[in-house]
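Trainee: Note that the protein sequences, when read in sequence, are chains A and B.
The first sequence begins at 962 in our numbering and counts up one residue at a time.
The second sequence begins at 18 in our numbering and counts up one residue at a time.
What the hints contain is simulated information worked out from the structure, not anything from laboratory work.
Take these hints with a grain of salt, some might be off.
Stated by the list, open to error - Quick list of in silico lysine-lysine cross-link-like pairs, DSSO-like style, CA-CA up to 27 angstroms:
{"id": "1", "chain 1": "A", "residue 1": "K1192", "chain 2": "A", "residue 2": "K1157"}
{"id": "2", "chain 1": "B", "residue 1": "K136", "chain 2": "A", "residue 2": "K1288"}
{"id": "3", "chain 1": "B", "residue 1": "K86", "chain 2": "A", "residue 2": "K979"}
{"id": "4", "chain 1": "B", "residue 1": "K232", "chain 2": "A", "residue 2": "K1288"}
{"id": "5", "chain 1": "B", "residue 1": "K198", "chain 2": "B", "residue 2": "K103"}
{"id": "6", "chain 1": "A", "residue 1": "K976", "chain 2": "B", "residue 2": "K48"}
{"id": "7", "chain 1": "B", "residue 1": "K103", "chain 2": "A", "residue 2": "K1275"}
{"id": "8", "chain 1": "B", "residue 1": "K136", "chain 2": "A", "residue 2": "K976"}
{"id": "9", "chain 1": "A", "residue 1": "K1288", "chain 2": "B", "residue 2": "K234"}
{"id": "10", "chain 1": "B", "residue 1": "K48", "chain 2": "A", "residue 2": "K1275"}
{"id": "11", "chain 1": "A", "residue 1": "K979", "chain 2": "A", "residue 2": "K965"}
{"id": "12", "chain 1": "A", "residue 1": "K1028", "chain 2": "A", "residue 2": "K1157"}
{"id": "13", "chain 1": "A", "residue 1": "K965", "chain 2": "B", "residue 2": "K232"}
{"id": "14", "chain 1": "B", "residue 1": "K234", "chain 2": "A", "residue 2": "K976"}
{"id": "15", "chain 1": "A", "residue 1": "K965", "chain 2": "B", "residue 2": "K103"}
{"id": "16", "chain 1": "A", "residue 1": "K1192", "chain 2": "A", "residue 2": "K1234"}
{"id": "17", "chain 1": "A", "residue 1": "K965", "chain 2": "B", "residue 2": "K198"}
{"id": "18", "chain 1": "B", "residue 1": "K178", "chain 2": "A", "residue 2": "K1288"}
{"id": "19", "chain 1": "B", "residue 1": "K232", "chain 2": "B", "residue 2": "K86"}
{"id": "20", "chain 1": "A", "residue 1": "K965", "chain 2": "A", "residue 2": "K1192"}
{"id": "21", "chain 1": "B", "residue 1": "K234", "chain 2": "B", "residue 2": "K48"}
{"id": "22", "chain 1": "B", "residue 1": "K103", "chain 2": "A", "residue 2": "K976"}
{"id": "23", "chain 1": "B", "residue 1": "K103", "chain 2": "A", "residue 2": "K1288"}
{"id": "24", "chain 1": "A", "residue 1": "K1220", "chain 2": "A", "residue 2": "K1234"}
{"id": "25", "chain 1": "A", "residue 1": "K965", "chain 2": "B", "residue 2": "K48"}
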Amino acid sequence: MTLKDSFITALGGLKTHKSRSGLTILGIVIGITAIILMMSIGNGAEQLILNEIGGLGAETIVVRPGKEPTGPSDLGETLFADSLKRKDLEALKRKGNVPYLREIMPALLVPGSVSYEGETYRPTIMGGSFEIMSATFNVYVTKGTAFTETEINQNASVAIIGSKVVQELFGGGDAVGEFIKIKDRKFRVIGVLEPKGQAAFFNFDEIVIVPYTTAQLYLLGIDYFHEIIIKTEGPEFVARSVADIERTLRESHSIENSKDDDFFLVTQQGVVKQVQTILGALTAFLSSVVAIALVVGGIGVMNIMLVSVTERTKEIGLRKAIGATEKDILRQFLFEAVILTAFGGIIGIVLGGVLSLLASILLTQVLELKWVFSFPLMAVFLGISMSAVVGLIFGIYPARIAARKSPIEALRYE
Amino acid sequence: MPLIEVTDLQKIYKDGEVKTPALRDISFSVKEGEFVAIMGPSGSGKSTLLHILGFLDRHSGGTYRFNGKTIDDYTDEELACVRNEKMGFVFQSFNLLPKTTVLENVKLPLLYSLVPHSKREEVARRAIESVGLSHRIYHEPSQLSGGEKQRVAIARALVNKPNVIFADEPTGNLDSESGKKIMEIIQRLNEEEGHTIFLITHETYTAEHAERIIKIKDGAIESDVKVHHRHNAREKFSK
């Protein structure tokens, strides 16, 4: 009996028991659907996060105070650390210390809300230097003007606001020249940003940017920075600059051992690595859950195949009587199992694809994320091969039982 | 050289410590082209004998030569191959595959043979034609009468042009008219096509269609005689 004959015979056997075949593969369908869904959504999430990080720019380094957080409990320490001060900014600005530094900007986050004539809104309030933010994140002012070094040095009470903020406070009317209130202090709106949405860690539509000096002095009353954003001459200078910055800050803080660092650096490469590590761990965990689902599905297939073998004892006896060898019978039933599960795999792939497409539509439409639907070819390959392997593994036992039946006993079976 | 030759053939069924002899010292030989009926009451061992002769079961003692070669010299694969190419089986309960057309049922033995794909359909159609069922070729067994089912089974048995056809009570489940038709086909296969026939029956009338009757009782041969006045199913049927 040729392989082709075995295949056709197996297919015929499945066709005569259609509804049972359908029920048998349900477990496999669910398992493979889960795999596809997981891979597609995992991929989409990675793309989404990497895109946002991508806004940071490969040539950018962020300096944060405190120790590098290794767990959630360290996060508080970072937020309240006060190690980055004006003298550090000056030290880093010195060409001899960090030669490949192009721009440097301290940044502060101000908690609180903004109000205008009774309307109140809670945007992200940031103290920074607009020139550098603009260069780093490619955001531009469409109406009015931007503030410069001059306003920073004067601790001027001026603000640049995002398009959503204009919408919320001014109902879409002209905002430039108006005064808004942040923490009971009046700020003159001098510019409005073009709509841009999420870039790096910020949503530029829901942001209010004021000079960092003003934020330090009038809004927070502190003499340190929450972070310092540094742009280097290019991505190839990041590694070198990281070393330069670390050396400079240690000198400035009189630290001798890197273990005692009261600051840490974030680079795009570093963040990407971190994100990939987290997503990798998550995927590994989910994979093990899915693997269990597939094993359960496989046991289901084995069960039904055993029932099928018993029910078709007479057929097996007849086939043996007219010349089928043990190998022929083994192959026939093994093929049945593999065709079943592979078919279940294909249904699972289609179903998984449809569900992840629906999920991506939901994520973009309802949650307004910049989600990109991705359907990795790897998942298709993996789905089909995994389901076939499950069929092979869980089909062997029933097929062997079928192959070893004695022809006369099988023929006598009623 | 006889096609089938058994000497002191024994079959003992073991159930734990209890040994039940089913066949004791059976000896006979059958030439190519003979038509032999095996008769005996139920439990006499005639089916066991047929199973052993048809390579479906192994004997416990004595020797069995098929085509001059003892059965012990065949491997399992070779036994399957001989069953496929040189033997045909017709069972009392037809044993057709359900939900499978007449054509596909008859093609079944070809699946395990060396007959090339392109020829299978033609060979199967010819076998169906020879049992007069060409008009039922795409029917499923559930749509056929008992007699028609048995004719499909005969077509399946002879599709590979076997040397010997083993028929185990082929008319046992049929009414007398259908039974006559079956006997007519079996007789014709023997006389015109030269197939050796082993027919198991417990009816004397059916057995008398054969050339020779071997009677078995309690696992041993009681008598082995030539039939002097054979019934000819065709004459009666075709008048």
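Trainee: Each of the hints needs a verdict: does it hold here or not?
Mentor: Against the structure, the hints:
no. : hint                 : in the structure
1   : K1192(A) to K1157(A) : 21 angstroms, holds
2   : K136(B) to K1288(A)  : 24 angstroms, holds
3   : K86(B) to K979(A)    : 45 angstroms, violated
4   : K232(B) to K1288(A)  : 38 angstroms, violated
5   : K198(B) to K103(B)   : 24 angstroms, holds
6   : K976(A) to K48(B)    : 44 angstroms, violated
7   : K103(B) to K1275(A)  : 22 angstroms, holds
8   : K136(B) to K976(A)   : 25 angstroms, holds
9   : K1288(A) to K234(B)  : 38 angstroms, violated
10  : K48(B) to K1275(A)   : 32 angstroms, violated
11  : K979(A) to K965(A)   : 21 angstroms, holds
12  : K1028(A) to K1157(A) : 32 angstroms, violated
13  : K965(A) to K232(B)   : 46 angstroms, violated
14  : K234(B) to K976(A)   : 46 angstroms, violated
15  : K965(A) to K103(B)   : 24 angstroms, holds
16  : K1192(A) to K1234(A) : 20 angstroms, holds
17  : K965(A) to K198(B)   : 37 angstroms, violated
18  : K178(B) to K1288(A)  : 24 angstroms, holds
19  : K232(B) to K86(B)    : 26 angstroms, holds
20  : K965(A) to K1192(A)  : 65 angstroms, violated
21  : K234(B) to K48(B)    : 23 angstroms, holds
22  : K103(B) to K976(A)   : 31 angstroms, violated
23  : K103(B) to K1288(A)  : 20 angstroms, holds
24  : K1220(A) to K1234(A) : 22 angstroms, holds
25  : K965(A) to K48(B)    : 38 angstroms, violated
Consistency with the previously given hints fails for numbers 3, 4, 6, 9, 10, 12, 13, 14, 17, 20, 22 and 25, ordered from lowest to highest.
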